[in-house]
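Visitor: Sequence:
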Amino acid sequence: MNKKLVIPLMVLLFMLETTVVPWLIPEPMYGRIAPHFVFVAALYAGLYAGRHQALLLGFFFGLVQDIVFYGHLLGVHSLLMGVIAYLTGLLLEGKRIPMLTALAVIGLACFLYDAAAYGVYRIFRVTHETFEFVLLHSIAPSLFLQIGFALAVYVPARRLFEAKAKKNADEAE
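The numbers in my numbering rise by one with no breaks, and the one at position 152 of the sequence shown is 152.
Hint data in this document are derived by calculation from the structure and do not stem from the laboratory. Glycine included, C-beta positions come from ideal geometry on N, C-alpha and C. Just so you know, not all the hints are guaranteed correct.
Said to hold, decoys possible - Estimated spans, in silico, between C-beta atoms of each pair:
{"id": "1", "residue 1": "I25", "residue 2": "L56", "range": "26 to 32 Å"}
{"id": "2", "residue 1": "A140", "residue 2": "E27", "range": "14 to 20 Å"}
{"id": "3", "residue 1": "T101", "residue 2": "V11", "range": "24 to 30 Å"}
{"id": "4", "residue 1": "V11", "residue 2": "A152", "range": "15 to 21 Å"}
{"id": "5", "residue 1": "R159", "residue 2": "L56", "range": "16 to 22 Å"}
{"id": "6", "residue 1": "L91", "residue 2": "E27", "range": "34 to 40 Å"}
{"id": "7", "residue 1": "E27", "residue 2": "T101", "range": "33 to 39 Å"}
{"id": "8", "residue 1": "R125", "residue 2": "Y154", "range": "36 to 42 Å"}
{"id": "9", "residue 1": "M99", "residue 2": "T130", "range": "32 to 38 Å"}
{"id": "10", "residue 1": "I97", "residue 2": "H128", "range": "36 to 42 Å"}
{"id": "11", "residue 1": "L9", "residue 2": "L108", "range": "21 to 27 Å"}
Make the full structure from the sequences, and use the hints.
Guide: Right under this line is the structure:
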């Protein structure tokens, strides 16, 4: 697959996580669960296609997310998505990654993303909740949603990004 398919799929994921998923979240959990499907896709890009593509996808879609939803502090999500996706790709570059390892790395990266966003918001006094409260009531339920989504799209995402990485490696030779 090529870049012409990755960008529309990411836009579709962004629209899915912002329009459809909030309707599916149960009412007691509404406002506490934040789906990050685009971030999971950027992490898959980092794991299977390369760190530079992950950086660009994470930064661009994080900036879109900042503009659409988090206008009070612009740039937090673009920086975090881009850097964490890049570091994920850098950490496991060139290695064959099995499914459980990929899910563990995605879970850790999603936790790091949410915790770092909380930290930045706490530093700039956008939020006043304690970390324990946010961890139990927001980060943990969101983490389960992200890992479930990552598990559900593992095979298609791996095929999409590995085929692209193999094609780029063949062209480079």
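Visitor: The structure should be examined with respect to each hint, and the outcome stated for every one.
Guide: These are the hints, each one checked on the structure:
The hinted range of 26 to 32 Å is satisfied by I25 and L56, whose Cβ atoms lie roughly 30 Å apart. At about 18 Å, the CB distance of A140 to E27 agrees with the hint of 14 to 20 Å. T101 and V11 have their C-beta atoms about 28 Å apart, which keeps the hinted 24 to 30 Å range intact. V11 and A152 have their C-beta atoms about 19 Å apart, which keeps the hinted 15 to 21 Å range intact.
A hinted range of 16 to 22 Å for the beta carbons of R159 and L56 is consistent with their spacing of about 21 Å. At roughly 38 Å, the beta carbons of L91 and E27 sit within the given window of 34 to 40 Å. Take E27 and T101: their Cβ atoms lie about 36 Å apart, and the range 33 to 39 Å holds. Taken as a hint, the range 36 to 42 Å holds for the pair R125 and Y154, whose Cβ atoms sit roughly 39 Å apart.
Checked against the given bound of 32 to 38 Å, the beta carbons of M99 and T130, roughly 35 Å apart, stay inside it. At about 39 Å, the beta-carbon gap between I97 and H128 stays in the expected band of 36 to 42 Å. Under the hint 21 to 27 Å, the C-beta atoms of L9 and L108, about 24 Å apart, fit the expected range.
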